[in-house]
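One letter stands for each residue in the lines below.
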Amino acid sequence: MTENQPGSDDGVPSRRQFLTALGGTAFAAAGYGYGTEPSGSVAVDSVTGSSAHPASGEHIEALTAIATAVYPSAVSITPSFIESRVFGRVEPEPGHFDKLVTAIEAVDDHAKARFGGRITDISAGRRRQVLQSMGVTTVHPTADGTTAEQVRFYLVGDLLYVLFTSPMGGKLLGVDNPPGHPGGREAYKQGPEGGEP
Amino acid sequence: MTAADDRTPTEADVCVVGAGPAGAVTAYSLARRGHDVVVLEAGERLTPADHHRRMEMWLRPNFERDSFWRDDERDRYTTTGDVDARLNETRVKAVGGTSLHWDANTPRLHEEDFEMNTRYGVAQDWPISYADLRPYYVRAEREMGVAGADDNPHGPPRKEPYPLTAFEPSYSDSLFAEACEELGITMASQPKAINSEEYDDRSECVGYGVCNACPSGAKYSAEVHVQKAEAAGARIVDQVQALSVEHDRAGDYVESVVYATPNGRHFRQEADHFVIACGGIETPRVLLLSDSDVYPDGLANSSGAVGRYLMDHPSVTTTGTLEEPTRQSNIGWVSSRSDQFYAHEETGSGSYHLTFSNTAKSTSGGAQSRSPPTSPSRLLDIVSNPTSDTVAELATDPLNEMQLGDALDLPTTSGPPYPLSIRGAGEMLPRPDNRVTLDKSKTDNHGRPVPSIDLSDGAHVQETMEHCLSVQKSILTELGAEITEVETLSGRRMSTHHMGTTRMGTDPAETVVNEECRTHDLANLWIASSSVFTTAGANNPTLTIAALALKTADHIDEKL
Numbered sequence: 001m002t003e004n005q006p007g008s009d010d011g012v013p014s015r016r017q018f019l020t021a022l023g024g025t026a027f028a029a030a031g032y033g034y035g036t037e038p039s040g041s042v043a044v045d046s047v048t049g050s051s052a053h054p055a056s057g058e059h060i061e062a063l064t065a066i067a068t069a070v071y072p073s074a075v076s077i078t079p080s081f082i083e084s085r086v087f088g089r090v091e092p093e094p095g096h097f098d099k100l101v102t103a104i105e106a107v108d109d110h111a112k113a114r115f116g117g118r119i120t121d122i123s124a125g126r127r128r129q130v131l132q133s134m135g136v137t138t139v140h141p142t143a144d145g146t147t148a149e150q151v152r153f154y155l156v157g158d159l160l161y162v163l164f165t166s167p168m169g170g171k172l173l174g175v176d177n178p179p180g181h182p183g184g185r186e187a188y189k190q191g192p193e194g195g196e197p
Numbered sequence: 001m002t003a004a005d006d007r008t009p010t011e012a013d014v015c016v017v018g019a020g021p022a023g024a025v026t027a028y029s030l031a032r033r034g035h036d037v038v039v040l041e042a043g044e045r046l047t048p049a050d051h052h053r054r055m056e057m058w059l060r061p062n063f064e065r066d067s068f069w070r071d072d073e074r075d076r077y078t079t080t081g082d083v084d085a086r087l088n089e090t091r092v093k094a095v096g097g098t099s100l101h102w103d104a105n106t107p108r109l110h111e112e113d114f115e116m117n118t119r120y121g122v123a124q125d126w127p128i129s130y131a132d133l134r135p136y137y138v139r140a141e142r143e144m145g146v147a148g149a150d151d152n153p154h155g156p157p158r159k160e161p162y163p164l165t166a167f168e169p170s171y172s173d174s175l176f177a178e179a180c181e182e183l184g185i186t187m188a189s190q191p192k193a194i195n196s197e198e199y200d201d202r203s204e205c206v207g208y209g210v211c212n213a214c215p216s217g218a219k220y221s222a223e224v225h226v227q228k229a230e231a232a233g234a235r236i237v238d239q240v241q242a243l244s245v246e247h248d249r250a251g252d253y254v255e256s257v258v259y260a261t262p263n264g265r266h267f268r269q270e271a272d273h274f275v276i277a278c279g280g281i282e283t284p285r286v287l288l289l290s291d292s293d294v295y296p297d298g299l300a301n302s303s304g305a306v307g308r309y310l311m312d313h314p315s316v317t318t319t320g321t322l323e324e325p326t327r328q329s330n331i332g333w334v335s336s337r338s339d340q341f342y343a344h345e346e347t348g349s350g351s352y353h354l355t356f357s358n359t360a361k362s363t364s365g366g367a368q369s370r371s372p373p374t375s376p377s378r379l380l381d382i383v384s385n386p387t388s389d390t391v392a393e394l395a396t397d398p399l400n401e402m403q404l405g406d407a408l409d410l411p412t413t414s415g416p417p418y419p420l421s422i423r424g425a426g427e428m429l430p431r432p433d434n435r436v437t438l439d440k441s442k443t444d445n446h447g448r449p450v451p452s453i454d455l456s457d458g459a460h461v462q463e464t465m466e467h468c469l470s471v472q473k474s475i476l477t478e479l480g481a482e483i484t485e486v487e488t489l490s491g492r493r494m495s496t497h498h499m500g501t502t503r504m505g506t507d508p509a510e511t512v513v514n515e516e517c518r519t520h521d522l523a524n525l526w527i528a529s530s531s532v533f534t535t536a537g538a539n540n541p542t543l544t545i546a547a548l549a550l551k552t553a554d555h556i557d558e559k560l
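Read top to bottom, the protein sequences are chains P and W. Each residue of the first sequence is one higher than the one before, counting from 1 in full-length UniProt numbering. Each residue of the second sequence is one higher than the one before, counting from 1 in full-length UniProt numbering.
With the rest of the complex left out, here is chain P (with noise of 0.2 Å):
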């Protein structure tokens, strides 16, 4: 059967509305592009158009002291790299920063409770051991699994994703201009020792 007279569709959850968290963002793309700076660096903060997330400054802190356990020793890290990029960035999915945060609480929880203070206070070397004996390390990464997949998920995974869409990660790897990072059109043409072939 069809109908002609008008009608709405008013409050059928559509598939992007599922999988994105529109409140809270102020995105705002110039012309028909999506938003990007054209000299090749992004405003995170512009793309998100958001400070509102859930993280507080313990939370950076924590987040960044963990970071020191999963990155080599070679990887310099600052809070403030930590909140740009991870907490900077566009929410992959509705939920996703929540479950970070929560992945962050139990991380430091257990560091409280097995091993004798904050994931702040305690070396890398032992933050490493948290991890380990959480699991972290031996579960394959699950957004609604146990505590230990979400953290592999949520913090290990972000952790990892931001630094390797980083020109940082991108000197581990040997790219200059990594996948993820917007690092303009000259690191492709460059020869290896860094001129034009």
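The hints are simulated quantities; they were obtained by calculation from the structure and are not laboratory data. Cβ atoms here follow ideal geometry from the backbone N, Cα and C, with glycine treated the same way. Each statement offered as a hint is correct.
Facing chain W, from chain P, some residues (calculated, C-beta under 8 Å):
1. 72
2. 177
3. 187
4. 191
Go by the hints and put chain W onto chain P.
Using the frame of chain P, we list chain W on its own:
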């Protein structure tokens, strides 16, 4: 209720079904001339922020790349031939269509592709020539913003400059160039609809390197023409599925398209003219689903050709390693190609083109079909086909890595040895048994039979791609590379290009649409899609789709 939520029919001169490149370009071309246009699209509209989310999903193996548009029940299909159709990895049902994750390569077809029967005694000639389509190619290149250079001695003739300057060759192109020069093989720039400078209110490419999920908008997608069509007065109705196309009593004219909204209501959109622009699979499917007493074998199917002559572009790749750096994965797109073997005289078989890697063995971006390494299907793939590459990928992907700190394994593009590869995509001739039919044993979310895809390669494809593999091997050998992997046709899956299933021709007994892309059977039913291609050539179809859409819109305009 916002305008976007209102999915009821409105007065329209033209109803377009499908908001991919074909539908969007047609809609814009007609709307800007003052015609009332309604576009019906099954999928949803993405926001700019969604494209940044898509990039992360593309790069992280533990997200599903197609979750923004995939609907398992709506998008069911059957694959029965030798070649796995893998439809839902390649097509996109959303506003913008498959251009939301295309590679944006935009070569023209060659002159010979339109005259295969006259020149070589195979297949059929198109009812139009390259010369007929040439002015529309020029317009399509401007509409999409194609960057390129007139530097291809084996390419089709052109006088007009590309609207944007070509991207410069990569470092690894220079390595290939030395070997190709020794072998007498000419390389050329790859034309592409990616901005090499600001164009059409979109940024230049800033090198994200994740072209399939380009977050900057430097890569053209049909969202551009959707927005332009709307600005010109067209109405885009998303999340509505076209269920059937209904005709008058005599079967001379289409009267309406019946569609369903997300809440299950059915409406009837009437118009003076109708354009089906649903790609090479869903276009024949909706015609076959619209059978009637007048057209018992499917609408506009007096010829029996609807669904037949399905073609794709089979591809093969040879990968090797060098002891010197190859500088891969610093950009996402291909910068160089060769059309030397886009000629039957050269190959003795069929045409193909070569592209030279900038992303060989990358662990992110590039490979469209890549699935999470830990997904059951991925593990099964790797167990059944344990190449060194797949095992290495599984073992070294950092997002599934179990070691932490200095023991963290890294995805390897560093070396030595260093990877590089050559890909070739070739021509498949139209054969009636390669076809899309309806699988009445399986239904979609509206209880309609799903498309069944039966595609097999045949001897011509085998011979053509064997020649291609031999040339790839000779280039890598000349380069001094050790060949580490050869991806042959064995076990191949269907490419992203679906063509030929409502073919164009002059004979209504053999073909579905005429030289204007209007169906022979119904005076106001038009098709804008690669499904009208009489032959497929060996080049990416989207520029030709857009050129034909512009031409078809001109013909519709003449009738209004």
